[in-house]
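Asks: With the hints as extra help, turn the sequences into a complete structure.
Going by the working numbering, the sequence shown opens with residue 1, and the numbers climb by one from there.
Each statement offered as a hint is correct.
Here are the computed lysine to aspartate or glutamate pairs in the EDC-like style, where the Cα-Cα straight-line distance is at most 16 angstroms:
#1 K167 x E61
#2 K59 x D224
#3 K110 x D62
#4 K139 x D197
#5 K59 x D48
#6 K139 x D85
#7 K198 x D85
#8 K63 x D48
#9 K115 x E165
#10 K115 x D162
#11 K167 x D62
#12 K174 x D162
#13 K139 x D87
#14 K174 x D62
#15 K174 x D224
#16 K35 x E202
#17 K174 x E61
#18 K63 x E165
#19 K110 x E61
#20 K174 x D225
#21 K59 x D225
#22 K63 x E109
#23 K35 x D85
#24 K227 x E61
#25 K167 x E109
#26 K198 x D87
#27 K131 x D87
#28 K110 x E165
Think of the hints as simulated: they come from the structure by calculation, not from any bench.
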Amino acid sequence: MYKLLLVLASAQALKRPQRALAVRGGEVDPITIGKGIVAASGIYGAFDPAANAGLYGIKAEDKGNAMMRLMGWSQILFAAALNLDMDSVHGQMAYHSIAFLLVAQPSFEKFQCPKAPDAVWMAICAAVGYKTLDGSLNKWVPTAIWLANGAQFFLAPQSAIDLYEMKGTNRLCKAMTSMMGGQMLCVGTYLAALVMDKSQSEAFAYAMAVNGLAAVKFALQDADDLKAPKSGPLAWAALSAGLAYK
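Replies: Below is the structure:
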């Protein structure tokens, strides 16, 4: 997987700045490429987390696999945000969060987490989604939720683990919690840029820059602890930078 990412990153970096790549008379822009790669990685991680971990030189046990699967689902959420209509994405992502919490339950159950917090979050997301879509709630509200939660998970993963009472976590679980936070920040950054009247291309570039920073953080802070090679996350960082480049 990471060898393919390196090839794609190299090709992207060598390209002159352009808005789209012509393909048989049509156009495929960087957003289409980016959301496709992120979605494919997320689908594979959610479908077969053990194999996905192995691609990055990580040996995961049962709970590690559960967190790898959650990381996959968080990538799918990011890809979904990129695929939604810009006018409704802020409200729709609140509803997508409900779906995430539902499909995540089997993984959370591995850690004997209490379900009440998730139920509360689903209720909040339902209300936020509804009120945002009907125009009565400022789009900064769902954006702030993504950014605040993302910042906690990314910068202080142990505090998130403690807050949601996840039992029996290990280094891989903590690292994947941080990476999940990185994906939340990608979504939050994308939403924030749109609120600030940036174009979708600009919002995508900012989000991919954050994605690259998350990968660099994993390479520098977590890879050694997990005895994993840095090549995988650095390939993601290079690819993200290439896609964000204007």
